[in-house]
Amino acid sequence: MNRIAVIALNTFRETLRDKILYNLVVFGLLLIGSSILLSALTMGEQVKIITDLGLASINFFGVLIAIFVGIGLVSKEIEKRTIYSIIAKPVPRYQFLLGKYSGLVITLLVNVSIMAAGFFLTLLAGGAEFDLALLKAIGLIFVELLIITAVAVLFSSFTTPTLSATFTLAIYIIGHLTEDLRALAQKLHSTMTSAVLDGLYYLLPNLEYFNVKGQAVHRLPIEPLYLVSAVAYGVTYIAIILFLSCVIFQRRDFK
Amino acid sequence: MKPIRIVGLTKEFRLGLRRRLSVVVDGLDLEVEQGEIFGFIGPNGAGKTTTIKILLGLIYPTSGTAWVLDRPIGDVAVKNRVGFLPESPYFYEYLTGEEFLKFYGQLFGLRGDLLDKKIDEMLEMVKLSEARSLPLRKYSKGMLQRVGLAQALINDPDVVILDEPMSGLDPIGRRDVRDVILRLRDQGKTVFFSTHILPDVEMICDRIGILVKGRLQAVGTVSELVGTGAVTSVEIVVEGLAEAGLQEGARLAGAVVRRGHQVLFRLDDEHKVRDFLDAIGRHRGRLVSLVPHKRSLEDLFLKEVGAART
Numbered sequence: 001m002n003r004i005a006v007i008a009l010n011t012f013r014e015t016l017r018d019k020i021l022y023n024l025v026v027f028g029l030l031l032i033g034s035s036i037l038l039s040a041l042t043m044g045e046q047v048k049i050i051t052d053l054g055l056a057s058i059n060f061f062g063v064l065i066a067i068f069v070g071i072g073l074v075s076k077e078i079e080k081r082t083i084y085s086i087i088a089k090p091v092p093r094y095q096f097l098l099g100k101y102s103g104l105v106i107t108l109l110v111n112v113s114i115m116a117a118g119f120f121l122t123l124l125a126g127g128a129e130f131d132l133a134l135l136k137a138i139g140l141i142f143v144e145l146l147i148i149t150a151v152a153v154l155f156s157s158f159t160t161p162t163l164s165a166t167f168t169l170a171i172y173i174i175g176h177l178t179e180d181l182r183a184l185a186q187k188l189h190s191t192m193t194s195a196v197l198d199g200l201y202y203l204l205p206n207l208e209y210f211n212v213k214g215q216a217v218h219r220l221p222i223e224p225l226y227l228v229s230a231v232a233y234g235v236t237y238i239a240i241i242l243f244l245s246c247v248i249f250q251r252r253d254f255k
Numbered sequence: 001m002k003p004i005r006i007v008g009l010t011k012e013f014r015l016g017l018r019r020r021l022s023v024v025v026d027g028l029d030l031e032v033e034q035g036e037i038f039g040f041i042g043p044n045g046a047g048k049t050t051t052i053k054i055l056l057g058l059i060y061p062t063s064g065t066a067w068v069l070d071r072p073i074g075d076v077a078v079k080n081r082v083g084f085l086p087e088s089p090y091f092y093e094y095l096t097g098e099e100f101l102k103f104y105g106q107l108f109g110l111r112g113d114l115l116d117k118k119i120d121e122m123l124e125m126v127k128l129s130e131a132r133s134l135p136l137r138k139y140s141k142g143m144l145q146r147v148g149l150a151q152a153l154i155n156d157p158d159v160v161i162l163d164e165p166m167s168g169l170d171p172i173g174r175r176d177v178r179d180v181i182l183r184l185r186d187q188g189k190t191v192f193f194s195t196h197i198l199p200d201v202e203m204i205c206d207r208i209g210i211l212v213k214g215r216l217q218a219v220g221t222v223s224e225l226v227g228t229g230a231v232t233s234v235e236i237v238v239e240g241l242a243e244a245g246l247q248e249g250a251r252l253a254g255a256v257v258r259r260g261h262q263v264l265f266r267l268d269d270e271h272k273v274r275d276f277l278d279a280i281g282r283h284r285g286r287l288v289s290l291v292p293h294k295r296s297l298e299d300l301f302l303k304e305v306g307a308a309r310t
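Order-wise, the sequence lines are chains A and B.
Numbering-wise (our numbering), the first sequence opens with residue 1 and increments by one.
Numbering-wise (our numbering), the second sequence opens with residue 1 and increments by one.
Keep in mind that the hints were calculated from the coordinates and are not lab data.
Cβ atoms here follow ideal geometry from the backbone N, Cα and C, with glycine treated the same way.
Any given hint could be a false lead.
Claimed, not checked - Partner residues are not named here, just some residues of chain B that face chain A (Cβ under 10 Å, in silico):
1) F13
2) L17
3) Y60
4) W67
5) A77
6) F84
7) P89
8) F103
9) G109
10) Q151
11) A152
12) N155
13) D163
14) D186
15) G188
Claimed, not checked - Below, simulated SDA-like cross-link-like pairs (lysine to any residue); rule was C-alpha separation at most 20 Å, straight line:
16) A:K255 / B:R18
17) A:K19 / B:Y94
18) A:K255 / B:L134
19) A:K19 / B:T96
20) B:K118 / B:L134
21) A:K76 / B:Y94
22) A:K255 / B:K118
Same shape as in the complex, but just chain B (with noise of 0.2 Å):
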C-alpha cells in the first residue's frame, strides 16, 4: 500500500476574460512510500498547492488520476485518515482555540470525552492550552498556524499533508513545525509537505520531489540528490599576509575578497588546500578559518528551476 499514489495528473485552468489556457501540473507521477517524509519543493506557482487541492478532493484534475491510502481521490470515508494544514490558514476567527477544534473534531464524529481529552492533548502538543479560551482574530500568524496543525491532526490520521507550512513563521516557529513533523513520522505516520525553505527540507525530510512548472524535475533522499561529501568549494580566511604572502595566495586561490586585515581566498578544488596552507605558512600568514563547501539543495533546485524555465 502507498500512502499517495499520482499517476499522469493534469490540471488545466482557463484564465481570463480569453479563457487562456494554462496547464499547471502537467502529467505529474509520484509514489510517496509509507512512514516517510516528503518534501514537495517548487518556486512559487509551481503547481504544489494545486497537486494538494486534488488529492483532498479541493480541485477535479482535467486527466490522470491519484490515490491516497489506496483509495481514488474524491472519496469521502478516506479522508478521516488524512490530515490537512491548508496553505497560510484562514479559520473562522469567531471561535475560541477550543471551539474551533472541537468543531473540527465534530467533523470527525469525535463527541464526548474523548473529544475533550483529544482537545487537550492537541492544544498541548502545539502549546496552545492557554490561549484556548481566546478568539482565533487575537492569535498571531504562528499561533494560527500551530492551532491549524492540531486541527490536522486531530482525527489522529495516517497521512499528513501540509501546504506550507512553514511559511511566514519565525525561527523559533519553524522549529515547532518541524519537530511536530519528526514526531510525527516516529509515530509512524507519513507526512507529505510542501516548502519552499530548503534547509527545513534537509533537515528533516527522508525524500523531495522538486516540481517546476507542474512537472517533478527530480525526485529522491537529499543524499542521492544532492550527493554526499563531494566539496565543490572552499573557503579560506587568512590574516597577517603582507603583499608577496597576497600575491602567492590569489595565484592558488580563484577568488579574493579583502576584510579590514582579513582575507577571504575561495579555491574551487580541494585538492589545492595543502599547497595553498603552506604557502600561508611560509609567509607567515594566521589561520582565522577554513570552511568547506559541498552542493547544497539550494544549487540543485536553483539548477532544476533555471533548466526547466529556458
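Bound conformation, chain A alone (with noise of 0.2 Å):
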C-alpha cells in the first residue's frame, strides 16, 4: 500500500473516531427528517420542500465538516507535534499532506452518501419518484467540498486554526458571490477598483458554479455539457490549490 493511501485511511479513521462526525451526520439526518413534519403541513408541494431542505442540508452539513474538519486534519497534526514522527519517516511532505486531503475526501463521501441515501428515503416515502437530476445536485455539492476542502488545507499548511476556519469561510462566502464581483466591476468606472474585482473573480473558486439545486428542485434539466465543465474547473481548482499547499508545506519548518 502507498503511503499516501496508508496516512488517508489513518485519516479517516480518525474522523470515524471522532465523535463530532457522528453527531452532524445525526443532525443532517435528524433535519431531513423534520422536512416531513414540514411537509404535512402545506399540502402539494410536499416534493418539493423536501427537495429544497435536503439538498440544503446536505450542502450544509458538507461544508461544515469541509472547514472545520479539515482545518483540524492538518493544523492539529503540527499543534500536537503528531507530524514530528511522520515526517522523521520516509514519508516526503507532500505525500502527507494529499494522504490527509484524501482521508478527508473519503470522510465526506461517506457522510454524502449516508446523508444522500436518507434524502432518497425521505422523497420515495413522500411519494416522489427518483429523478436524476437530484444526483448530478448532489455530485456538484461534493465537487464544491473537495475544493473548500483543498482551500482549508491551503490556509491550515500555512496558519493558525482560527485563522484558517475563519479565511475558509470567507472564502467560502465569497465564493458564492464572485458573479456580484464581477458585475459590480463592470459598473465601476475607476479601473484601478475594477481590474481588482476582476482580479478576485478569477482568484476565488466561482461556487456558485456548483448551485444547481433551484434546477434540481423545479425539476428543470442540468445539461451533460453543464455538468463536465463544472467538474473539469473543479478538479483544476483543486488541482492548483493543493500544488500551492504543498510547495508551501514543503518549505516550513516544524517549530
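Put the two chains together into one complex; each comes in its own frame, and the hints tell you how they fit.
Dropping the structure here:
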C-alpha cells in the first residue's frame, strides 16, 4: 500500500473515531426528517419542500465538515506535534498532505452518501419518484466540498487553526458571490478597482457554478455539458490549490 | 562512513512581533562514530532539539549542512535506516498500541506477516504486549515513551535518534530505556540521544557533547572530559568525639557539619586523610564512613554552562 493511502486511511479512521462527525450526520438526518413534518402542513408542495430542505442540509453539513474537520486535520497534526514522527519517516511532505486530503475526501464521500441515502429514502417515502437531476445536484455539491477542503488544507498548511477557519469561511461565502464581484467591476468607473475585482473573480473559486439546487427542485434539465465543464473546473481548481499547499508545506519549519 | 556528520550548522529564528533574531544553533560541528552511544547534553534551550529536528528534515538550517549515513539531510530515502523518538511524544491517541505500530510499519512499506511479526517483537521488547489493544489515550506517560521507542525501532534502523528519551520517567522507566539503548549498541547500531539527566549519560554513553547556547562546549568520552580517578574531596563521618577531638578534626578539615552524635568532615585534599584518621584514633572517635568524591560530569556540566553564560 502506498504511503498516501496509508495516511488517508488513518485519517479516515481518525474522523470515524471522532464523535463530532457522527453528531453531524445524525443532525443532518434529523433535519431531513423534520422536512417530512413540514410537508405534512403544506399540502401539494411536499416534494418540493423536501427536496429543497434535503439538498440544502446536505450542502450545509458537508460544508461544516469540510471547513472544520479539514482545518483540524493538518493544523492539529502540527499543534499536537504528531507530525514530527511522521515527517521523520520516509514520507515526503507532499505525500503527507495529499494523504490527509484524501482521507478527508473519503470521510466526505461516506458522509454525503449517507445523507443522500437518507434524503432519497425520505423522498420515496413521501411518494416522489427518483430523479437523476437530484443525483447531479448532489454530485456538484460534493465537488464544491472538495474545493472547500482543498482551501482549508491550503490555509492550514501555513497559518493557525482559527485564522484558517476564518479565511476558509470567508472564501466559501465570497465564492458564492463572485458573479456579483464581476457585475460590480463592470459598473465601476475606476479602472484600478475594477481590475482588482476582476482579479478576485478569477482568483477565487466560483462556487455558485456548483449550485444547481434550484434546477433540481424545479425539475429543470441540467445539461451534461454543464456538468462536465463544472467538474473539470472544480478538478483543475483543486489541483492548483493542492499544488500550492504542497509548495508552502514543503518549505515550512516545524518548530 | 560516519552515521552523523554536522558541519557549521546554524539556525536562526525570527521571534515575536518585532521579528527579533535569535540564533538557536551556532556554527555546530559534530561527528558521531559508528556503533557508539552519543549523549548530547545541554541546558534547556541550548539547541539540542533544533539540531535533531534539522537532522530529520523537520527544520531547515539557515546555513551549514549535515549528513546522516553519508546522505545529505533532506534525503527522504535515508530515513528508511533511521529511527526517531520525538521529545515528550504526541501520538494519535485514538489508535491502539497495535494499530499505532501497524501505521508506522506501513509507512516504512512493511506489510503482511512480516509486519505482524515485527509488531509482536516490538511490543515484547518494550513490555507492552498486554496493552496492545488499549487505545493510546489510556497509556501512562512511561507506556507512551515505550511505545514511542517501539515505533522508532520498527524499521530496524542503523541510526537511532532519541530526543530526551528519559525525561518524565520514573526510575524503573529510565532503567528500561537505558537497557533498550544498551541493547541497540550491542546490535551494532549507533544511538544519538539528547538529555539533561546526567547520571544516565555517565552510565551508558561512549561519548558526550555539551551544547550551550547553540555551541559545542566540549566533546569526548566521559573519562576524557571528567578525568579518571582524580579525587577532589573526601567526606568522613565520625562519632563519639569529645570537644578536643572535634577541634583537631576541624583544624585538618575544611568544613564540619554536626548531625546529632555524628560529625561530618570534608577534606579538600586526599593526602590529609591519613593524618586525619590518626587524629581521630588518638581522640577515640569511631569512623562511620569515608567517601572519596571524584570530579563528576555534573561539575563539568555546571562549569561549562556557567562559562558559556558569562
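Hints not upheld, ascending by number: Per hint list: 2, 4, 14, 15, 18, 22 violated.
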